[in-house]
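Novice: Sequence:
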Amino acid sequence: MTSVQILPNSNISEHQAVSWECGSSLKNTLSAFYREVPSLDSKYGALTPHLTIRSLVKFHGYTVVWTDFLNQHLLIDEESRLVWIFQHKIWLSSQIGRSESLVPQPLLLEALDTLNVLFPPDDDHTRRFLQSREQEFYSLGHCGRVPSTDLKKYMYWGTNLDRLLTIAKGPRRGIWQFFPTPDRLNVLESANFVIASAALLLSIVGFVLGLVSIIYAKLSYQIGLESIDISKVSLDMSNESLELTRLQYLLSVAQACSDPGQARLLPDFCSAQA
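Residue numbers (the numbering used here): 617 to 890.
Since no wrong hints were added, every one of them can be taken at face value.
Have a look at the derived ranges for each label pair, beta carbon to beta carbon:
1) E859 / V821: 55 to 65 Å
2) I811 / P722: 46 to 56 Å
3) K834 / V681: 48 to 58 Å
4) P787 / V681: 20 to 30 Å
Just so you know, these hints were derived from the structure itself, not from any lab. Cβ coordinates follow ideal geometry from the N, Cα and C atoms, glycine included.
Just need the whole structure built from these sequences, with the hints factored in.
Specialist: Here you go:
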């Protein structure tokens with residue numbers, strides 16, 4: 617018996633090693649390794665258009681782990697919120713219809729269908745999601761496949777799809793849990809969110825208005841102080857102007873009284889000067 621082992625530095629767990637027994641072809645070995653599962657007993661029965669990896673990442677906090685190994689496709693770690701995706705869609709497409717392919721054809725077709733379901737090629741959100749992660753297989757389209765929405769048709773990854781569907785229909789994470797979904801209105805949660813948001817908004821507005829009032833009061837106080845200073849300066853200037861006027865008057869009287877002829881004409885003023 618030949619054991620197809622894993623490279624020492626590989627991050628694949630040991631339970632995924634393939635044992636290649638003597639006398640068995642590699643194709644039969646792989647067929648035995650990728651066994652079909654019994655008919656799936658799911659409470660959903662059918663896939664929904666809302667089941668996409670992009671929605672699981674955005675609304676449920678999952679992270680995609682892109683893998684080169686088909687036997688890791690659609691592995692799910694709910695505790696760490698990780699989902700593994702086989703990223704070589706073009707390879708799957710190239711193996712369809714090839715008799716020399718070592719991988720069973722039904723397995724290849726179902727893998728393509730799962731990628732078409734989870735990454736709809738005609739969905740703009742999915743296209744932008746894949747572009748942001750430098751995955752170009754969105755441009756391949758459906759690869760000639762029309763994926764079924766019947767979960768019972770998925771004999772290899774039906775259980776994984778059912779788990780993903782359960783996650784997608786479950787409660788969302790973060791702020792998204794307060795928004796209604798196509799199948800759940802979340803009236804109570806949405807109402808609480810709206811009330812809390814309104815209260816927060818009013819608090820922010822009140823804080824801003826209070827801050828503006830403080831700034832305005834400070835500016836008014838500073839302007840008042842400057843007005844007082846200006847009034848003091850103006851009063852000092854007025855006093856100086858009055859003193860100057862008085863001195864000018866005394867000078868004029870003194871000049872007039874210095875002339876004897878003028879002094880006789882101004883006895884009241886000149887006598888006071890004398």
